[in-house]
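*Asks:* Residue-level listing of the chains:
Protein chains: 4
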Amino acid sequence: MQLGMIGLGRMGGNIVRRLMNNGHHAVVYDKDPAAVAALAGHGAVGASSLEDLVAKLDKPRAVWVMLPAGPITETTIETLHKLLDPDDVVIDGGNTFWQDDIRRAKALRERQIHYVDVGTSGGVWGIDRGYCMMIGGDKKVVDRLDPIFATLSPGIGDIPRTPGRDGRDARVEQGYMHTGPVGAGHFVKMIHNGIEYGLMQAYAEGFDILKNANGAALPSEHRFDLDIADIAEVWRRGSVIPSWLLDLTASALADNHTLDNYSGFVEDSGEGRWTINAAIDEAVPAEVLTAALFARFRSRQEHTFSEKILSAMRAGFGGHKEPQQHPDPVRQSGPKILKPEAERS
Amino acid sequence: MQLGMIGLGRMGGNIVRRLMNNGHHAVVYDKDPAAVAALAGHGAVGASSLEDLVAKLDKPRAVWVMLPAGPITETTIETLHKLLDPDDVVIDGGNTFWQDDIRRAKALRERQIHYVDVGTSGGVWGIDRGYCMMIGGDKKVVDRLDPIFATLSPGIGDIPRTPGRDGRDARVEQGYMHTGPVGAGHFVKMIHNGIEYGLMQAYAEGFDILKNANGAALPSEHRFDLDIADIAEVWRRGSVIPSWLLDLTASALADNHTLDNYSGFVEDSGEGRWTINAAIDEAVPAEVLTAALFARFRSRQEHTFSEKILSAMRAGFGGHKEPQQHPDPVRQSGPKILKPEAERS
Amino acid sequence: MQLGMIGLGRMGGNIVRRLMNNGHHAVVYDKDPAAVAALAGHGAVGASSLEDLVAKLDKPRAVWVMLPAGPITETTIETLHKLLDPDDVVIDGGNTFWQDDIRRAKALRERQIHYVDVGTSGGVWGIDRGYCMMIGGDKKVVDRLDPIFATLSPGIGDIPRTPGRDGRDARVEQGYMHTGPVGAGHFVKMIHNGIEYGLMQAYAEGFDILKNANGAALPSEHRFDLDIADIAEVWRRGSVIPSWLLDLTASALADNHTLDNYSGFVEDSGEGRWTINAAIDEAVPAEVLTAALFARFRSRQEHTFSEKILSAMRAGFGGHKEPQQHPDPVRQSGPKILKPEAERS
Amino acid sequence: MQLGMIGLGRMGGNIVRRLMNNGHHAVVYDKDPAAVAALAGHGAVGASSLEDLVAKLDKPRAVWVMLPAGPITETTIETLHKLLDPDDVVIDGGNTFWQDDIRRAKALRERQIHYVDVGTSGGVWGIDRGYCMMIGGDKKVVDRLDPIFATLSPGIGDIPRTPGRDGRDARVEQGYMHTGPVGAGHFVKMIHNGIEYGLMQAYAEGFDILKNANGAALPSEHRFDLDIADIAEVWRRGSVIPSWLLDLTASALADNHTLDNYSGFVEDSGEGRWTINAAIDEAVPAEVLTAALFARFRSRQEHTFSEKILSAMRAGFGGHKEPQQHPDPVRQSGPKILKPEAERS
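Residue numbers (my numbering), protein chains in the order written: chain A, 1 to 345; chain B, 1001 to 1345; chain C, 2001 to 2345; chain D, 3001 to 3345.
For reference, chain A alone in the conformation it holds in the complex (with noise of 0.2 Å):
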């Protein structure tokens, strides 16, 4: 079927390629020509504007928004509105807050305009292997877009199957998947990424571990000099841990198993942080999550206000009330302890 997508970005243009690789039509948009040009030469029609795009989409259109959540997304899909037709549909398949979609498709609706939120996985494979997606909206509109979503599912290939699934919805062994009513797909996106934030964490706390097993500190019959690179290989053989996210892990260590070509400042996106909030609203303990987001901010700081405070009422202890420039000499060393800052030049 035909697709308008707007938004030519390594997730936009795969995804487009994949469709088109199918057998699909597809009415591209970027605001960079370059792109639009690109794909053009892949068979699309391009487009110079969004009123060009939805000019030369066939009624009931459906326009794929694949562009950074945020402001730019808003903008778009409220251009679409005016432009667009009662039946026809947008869809935004980027990493939109959820309760952002639930407001957009109310306003839409007024315009009988159709919206299905589509969380989708899969990074820059998914032209190859195919798109994991979590798709929320009004089941008659979802199910016109199936041939869409069919054609971008990674299909069932060799992961064997879950035993009890005869009877349930075939398309999600498929890879796709109708979560429920606008929101849920992002909103079921959102607990992958969570759930990815918990993932990532667990598996780097314990290789923080190992690092640090011959720590100085450590009585040096207790000490062990571990390769960890090795560690990660052995481990995606007959463990069980394996998993896409250990293979990077493996991949990263086998280069430089010190890693010292990474900063550790490391950003977070917004399901993390949705993802507690939710956790919150429901009354959820949510522990591992949200220490896998807090590990996240106090990476991006060189110290927290926070620990300021526990500098400051230890130094109180003490009976002086002068500012101290090092309170706190090491007793027990860590893993690359900084000095404090007296000593630091």
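In case anyone wonders, no lab produced these hints; they're calculated from the structure. Some clues are possibly wrong.
As the list claims (entries may be wrong) - Derived SDA-like pairs (lysine to any residue); straight-line CA-CA distance at most 25 Å:
{"#": "1", "chain 1": "B", "residue 1": "Lys1106", "chain 2": "A", "residue 2": "Asp227"}
{"#": "2", "chain 1": "B", "residue 1": "Lys1106", "chain 2": "A", "residue 2": "Phe224"}
{"#": "3", "chain 1": "A", "residue 1": "Lys56", "chain 2": "A", "residue 2": "Arg109"}
{"#": "4", "chain 1": "D", "residue 1": "Lys3139", "chain 2": "C", "residue 2": "Leu2218"}
Please arrange chains B, C and D on chain A, whose structure you already have, making use of the hints.
*Replies:* Just chains B, C and D now, with coordinates in the frame of chain A:
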């Protein structure tokens, strides 16, 4: 080669079978004569006691102890200490605390008996798929046992190679690794299990948030009634977070999506605890692994004393000193909520 | 000066009493006529409705709303919006979410009505000891109300002055503070309550460890049978950790050292949740405050779904697909342990 | 009565002074002769060696060791083991690990020498205010030392009595307590310090959120520029959360509200670690106390290896295997943010 096996439970028995299926020879002992007889029927030499087992093995002997970690392993190895001869090897394949390995090896060394600790992962499928093994001990001794480990390991199979490993120890890609001196095998296995706790808890919290997305305390327009069995399934296919642990979850949910066939009473084994102890000894922050452990502790109590302290303080806020039966009418309801005691009967 | 008070519960009633005891005048309203009559008997002017209250106040009016945060406060202020005149002031002394303050103040500003938010701490003892107040609003309006705040505040009393405060705002040492524009009062009160959660949980966990120091799973030579009522008391005297929260704990434990008169079912109010939301919005790690909140969430459930997911995974490890009633025989027992379901009946 | 004191640092010296000021007698030793001379000038009997100290004490002797926990305390007590006679008492007033107490007492008991462990709180103000003491040992021996403890304790002072304590041990209200057999004193002091970590971290996180309430990443209408020095002060007066720890914070902030005179490099002592070990041994969840400890671990590193693992995985998501210098442009900025390494010059 020839191996003596003590302990013919699911792990020990399957290890012997996998070895014999591949041309090795085994002398086996278990306190349960039926277990010995069963393996004897498959070609093993049965032993009626530790003494008998030692007598039936060729020197230098290799004796694998596959018993529950703790007193029974301890006394078995103490007995072997007396029975074995210089240059024999004791292999502890259980989930022993790595500092016990170091202590034992030191004692055995007085009689020139070797000690090798093998952290063994793979569970009941190991007989077919092989075991991931993390091995601690002297290099010469570990090398002597290589035919055993090579047979027990899963082999490279169809798991893709990690780029950049050329020139590194090839055995690691077979799924077994000499991780260091005595204790290093169980140390690495311990961290493996610690990570596993964290991974499990990350998935569990995510599904808990999904499950409670339909809570009555949420605004009605923000509620989702999600099919979490299908969500577990769709995440197995093309997402970022597939793993065997997710497979198990998908399978359990396909079977019973409420999981009301499970108590939610979650045991912990020593490895999770020792992992945190190691983190503390190394001064490595390990929030996620610790939270995963504490969630299990909490799961086994009706109420912590900690919670009663909170209730008592809160009652005190009211200015009353008298005991209160139900200090806390629930203003914000959460999932499957307990009623305060006074209302419970 | 004159103040209108809406809501004559424990807080509102005592505030009026403390004001009248110190020469101020009050016009009071409550939906319960008996509460109005009681204060009228002490010299307040009773009002039979919001309209009546507004009519009986001198302009520019000052109306303090002391009602539970949420719908009732919202509708009361909406009504005042219609009844009041320009330059009148609405004071919200409840536990309102600070973003609601900002929204309401904006709406009231359209009619030149002022809004002041007062985070009020002090509980039932406030009538005698005074209230710690954190006040948000325009400086001119807050200053106009200063006689009220000065009377309600605890005053400097016998609490030692902090060195280095000379030249700083003296009102702060009286126990009240203009913390910033509208919303800043409740924002600061929110963090106060968030900290309170963390403090309570720190004590609670400490006493839990003391209580369980005699556990059967511990080596007998490492067990202590501690008198925690006496420990709470001794810590009140010369240690580093005395506080009113510890006083409450000591009192509760002196009354009943098992605390079996408390359910351990712990409510949370909005402030604890909003504190974490604020931390997340600011990208500030707040592990302790979050853990304190989650402990309360957990206390209100028999088992989390998260725990059932863990049980299900663990059952899956065994290679069985069938449901298990009691996957987890307890190897290491802990405090007051639940039995697995199968053993519980 | 007469006491021998070994270690005349701030704690040991002040304990001796408080005892002598109240009519007790002291024989004192320190490796620093000047410290001995200083106290001799105040009426103590100086000793030039452990042997000399033992010789100058009347039998049965009471010798208080007030040295840093660890090797120096250990060797001192080993020496006393040889020098002392049956029925003498060794008192360890330092921050010794309680299991070391148990081990040492067992060794000393072979020579009928008693051992008492005293967890001592009070810091540099103890000379005036007295010390809160948690005492482990045999009842008869602890009772023999009662005159010492009674003098060192703060006494009931002006701290209100806890209701319901009539008939309970009156010494507890003086600020000292016989908590149980050997080890129980330091065990209870350990938990005291563990709680202290949690309390400190709760305050610290709260102030961190206040400090960052003006962050550039927040919507402008939701920002507050708060005077946290004044907030610390106002909370001291009539709120729910005053404490000495808050006093210290208020004092430090009055002095320098940015706290840029502190490094934020926060030491931990053994008690915080041992508290968590105890919680794990007892299977008691202790999220808050653990998070407080881990925050200190984290404060002493520039980046954890854990964070580099996260960075490496994230770089892997992009499909690139090459090392990346700055994988993570910051989308959502937080407080005082580090720049990724590549941008740091």
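*Asks:* Check the structure against each numbered hint from earlier and tell me which ones fail, lowest number first.
*Replies:* Violated: none.
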